[in-house]
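Protein sequence lines correspond, in order, to chains A and B.
1 is the number of the first residue of the first sequence in the UniProt record's numbering; add one for each residue after it.
1 is the number of the first residue of the second sequence in the UniProt record's numbering; add one for each residue after it.
The set of hints was computed from the structure by calculation and includes no laboratory data.
For glycine and all other residues, C-beta sits at the position ideal for the given N, C-alpha and C.
Certain hints may be false.
If you want the footprint, here are the derived chain B segments under chain A, 3+ residues with CB under 8 Å [stated by the list, open to error]:
#	segment
1	19-32
2	62-76
3	211-217
4	236-249
5	305-319
With a Cα cut of at most 16 Å, we get these calculated EDC-like pairs of lysine to aspartate or glutamate [stated by the list, open to error]:
#	chain 1	residue 1	chain 2	residue 2
6	B	K171	A	E214
7	A	K174	B	E214
8	A	K150	A	D280
9	A	K171	B	E214
10	B	K174	A	E112
11	A	K42	A	E112
Among the chain A residues that face chain B by a calculated CB cut under 7 Å, a handful are [as the list claims (entries may be wrong)]:
#	residue
12	G155
13	G175
14	P179
15	S182
16	F190
17	Q245
18	N346
19	Q351
Protein chains: 2
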Amino acid sequence: MTAINETHDPKLRSWVATANVSGCDFPIQNLPFGRFRPKGSKEPFRIGVAIGDRVLDLEAAHLIDHADMNLLMAATAEERAALRKSLSESLREGSPKEKEWQLALYAQADVEMTVPCRIGDYTDFYTSVHHATTVGKQFRPDNPLLPNYKWVPIGYHGRASSIGVSGQQFKRPKGQTKPAGSDPAAAPVFGPSLRLDYELELGWFVGRANALGEPVLMADAESHLFGVTLFNDWSARDLQGWEYQPLGPFLSKNFASTVSPWMVTLEALAPFRGSFERADGDPQPLPYLDGPANRERGSFHITLEAWLQTKKMRDAGAAPVRLSQTDMRDAAYWTPAQLVAHHTVNGCNLQPGDLLGSGTLSGPAPDQAGSLLELTVGGKQPISLPNGEVRAFLEDGDTLTLRGYCERNGAARIGLGEVSGTVVGS
Amino acid sequence: MTAINETHDPKLRSWVATANVSGCDFPIQNLPFGRFRPKGSKEPFRIGVAIGDRVLDLEAAHLIDHADMNLLMAATAEERAALRKSLSESLREGSPKEKEWQLALYAQADVEMTVPCRIGDYTDFYTSVHHATTVGKQFRPDNPLLPNYKWVPIGYHGRASSIGVSGQQFKRPKGQTKPAGSDPAAAPVFGPSLRLDYELELGWFVGRANALGEPVLMADAESHLFGVTLFNDWSARDLQGWEYQPLGPFLSKNFASTVSPWMVTLEALAPFRGSFERADGDPQPLPYLDGPANRERGSFHITLEAWLQTKKMRDAGAAPVRLSQTDMRDAAYWTPAQLVAHHTVNGCNLQPGDLLGSGTLSGPAPDQAGSLLELTVGGKQPISLPNGEVRAFLEDGDTLTLRGYCERNGAARIGLGEVSGTVVGS
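Start from the sequences and build out the full structure, keeping to the hints where you can.
Right, dumping it as structure tokens:
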């Protein structure tokens with residue numbers, strides 16, 4: 001379990017002046033990891049840490065001697081804590097490293113980011129009971145929340161090859177659909193998806209591996225997680241409705257998924273943890289999904305927002321509009337530690353760089369929904385935008401941006417940055 | 001499309017004498033690819049081609065200058081044909097290469113094999129309509145074959161990290177189950193799977209990549225496939241029954257999957273192709289899944305067998321017993337080309353080394369079933385073994401072996417080798 005220590009002290013200030021600006025996502029208390037290279041170059045990507053509006057090149061700062069993020073992620077808890085301490089101390093105001101490390105800094109505006117590590121396997125979970133219930137009502141009106149939901153952290157495997165970094169543009173997917181109410185014996189329709197959606201998720205990255213056949217116990221589960229990103233699991237709802245029985249979503253999901261470039265570590269999230277308990281009437285987790293640390297501080301308080309900017313808005317210079325705001329703590333029925341313990345209980349091996357999606361983190365209120373499917377009630381109640389446009393689902397040229405941050409009294413605010421993606425014509 | 005040429009001539013003989021023995025899996029007409037190293041060494045794996053009971057080291061034979069199978073798999077059709085021609089000519093009786101290449105040969109008995117390439121993403125399909133119907137009856141008695149089956153090549157993503165090579169031993173997986181007939185409000189049971197099964201599949205490996213957003217058309221689909229292996233998709237049926245709704249199988253599958261070490265190329269399979277047509281009453285494939293070449297020769301005639309050897313049999317020196325025999329051509333409702341075209345129609349990018357599982361290739365007759373779930377009717381009709389043991393599902397110490405081969409008049413028999421795996425205690 002991550003402890004609060006001096007690296008979280010809200011009074012800490014950095015010699016990188018932009019890190020001290022109120023509202024900055026990347027103050028010295030954050031120190032998230034990503035991969036970057038100078039814009040326009042074809043150099044290999046290097047490992048960097050965001051500080052204010054800069055990136056520190058860890059190899060140029062002589063903190064590591066390689067550029068393999070997955071190797072760095074496999075570090076032990078002690079090695080990770082030591083690296084964080086070095087970074088925090090050397091980036092503080094008055095540090096003797098300032099002069100040397102100035103030379104290892106790049107402006108974020110001048111670099112290109114990529115997916116933060118090599119993603120071997122990607123698993124998507126389904127941790128919001130609110131999302132599961134609301135969506136379940138649309139797919140199975142008579143049977144919205146299935147009997148296993150409150151016992152099993154439902155998850156399924158996703159496609160790693162089509163995961164891109166913020167800024168990803170992708171073509172509207174084509175495929176088979178079977179419009180509601182059509183003749184059961186009629187052929188399905190083939191064409192571009194007409195119900196293209198986003199999903200507001202967090203992506204938890206695996207750090208330390210476990211060997212095949214060796215489950216990770218709850219007490220150790222978080223030590224196998226490296227950090228968290230924002231994650232948009234784009235979904236074609238019409239493809240999904242027709243294809244998903246009996247083996248789950250496939251082409252409705254694997255055309256593109258977009259991840260934010262900065263992995264915020266579990267150490268940085270330490271001040272934003274909270275207790276985790278089951279509501280009255282809900283069953284307690286089975287013993288392999290339970291533990292005192294998980295009950296005391298298993299949940300995370302992370303505010304999440306979805307913002308839409310249409311092509312018309314962009315062309316007119318209009319700012320994006322917020323579609324919803326939610327919080328992981330209100331949304332997630334299962335904690336990240338429980339996801340790791342469940343994923344490995346059968347002996348499945350997780351590897352550094354594997355990605356665990358949270359599933360759509362819809363909160364309990366309708367305006368806390370993490371997808372258009374929920375916000376527009378399956379497209380039946382389109383959203384009116386300030387410029388007069390309406391949206392039931394995403395249209396060509398729409399840019400969807402997720403943002404996330406952690407705030408509480410007595411702690412420095414930290415941000416997850418943002419993840420943007422744009423759908424272009426089919 | 002692969003053409004029959006002189007490399008398939010059944011009269012060809014190799015200067016590797018064991019390749020000329022009747023019934024050999026690896027005659028000179030086959031030439032499958034795999035990765036090997038001397039047994040007991042810790043050297044990097046090298047690329048080899050099986051010939052008789054030997055392995056030819058391609059780097060030592062100066063045919064390639066690297067050991068990256070995925071790079072080799074990304075070759076163009078022309079490069080692949082040229083490599084096959086070189087191998088065939090130089091391994092023929094009377095070739096001037098014999099003396100030089102003798103030094104590049106290893107005995108298969110003296111080498112260790114590994115998974116034949118780096119598997120990025122693994123997708124499992126569900127191509128046998130017989131399997132889908134029989135299993136569907138057990139999971140959904142009122143609704144065995146879902147309305148989408150005859151239109152959509154149903155597939156889902158699987159776990160790449162837990163795929164091992166023939167010889168894999170794995171622990172019996174633990175997890176949640178909900179025994180049939182138990183109180184709906186009662187907690188699920190936690191423990192080792194009691195309904196552990198195998199699945200007889202073929203694994204098609206992707207060669208050439210397609211870019212994200214660029215579907216592969218039917219006419220090009222096979223040029224994106226490199227070769228085929230035997231594939232056992234071990235399944236825990238009790239975990240599966242409880243977890244699989246609504247997002248598909250997860251822990252019931254990802255504890256282990258086992259692949260055979262030799263990839264038999266599409267070029268080698270050329271003589272064993274057949275026409276592909278829909279039975280009366282079945283809908284024709286949608287245009288994106290249809291094409292003249294697929295109709296003429298889209299299917300493959302590959303005989304497949306499952307063999308069981310229990311610990312008691314092994315200890316007594318008793319040979320494995322055959323559980324079933326089937327043929328891909330009778331089992332598969334979709335061709336490999338259709339799997340590629342479907343997988344990419346939404347823009348999903350396939351990469352060299354990706355694995356496409358066929359799904360359990362059960363034929364139409366009960367004794368052509370590719371899993372115990374089918375053979376024992378969900379465990380209700382256990383199989384009696386010659387030594388008096390019975391099996392409803394796999395027990396600890398059981399070794400399950402899949403074998404595959406292609407035979408027809410006028411062509412040299414070629415084999416896929418075998419894939420074995422053993423379940424050990426939990």
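Going through the hints against the structure:
no., hint, in the structure
1, 19-32, "violated (count 0)"
2, 62-76, "violated (count 0)"
3, 211-217, "holds (count 3)"
4, 236-249, "holds (count 10)"
5, 305-319, "violated (count 0)"
6, B:K171 <-> A:E214, "holds, 9 Å"
7, A:K174 <-> B:E214, "holds, 11 Å"
8, A:K150 <-> A:D280, "holds, 13 Å"
9, A:K171 <-> B:E214, "holds, 9 Å"
10, B:K174 <-> A:E112, "violated, 44 Å"
11, A:K42 <-> A:E112, "holds, 10 Å"
12, G155, "holds, 5 Å"
13, G175, "holds, 5 Å"
14, P179, "violated, 13 Å"
15, S182, "violated, 11 Å"
16, F190, "holds, 5 Å"
17, Q245, "holds, 5 Å"
18, N346, "holds, 4 Å"
19, Q351, "holds, 5 Å"
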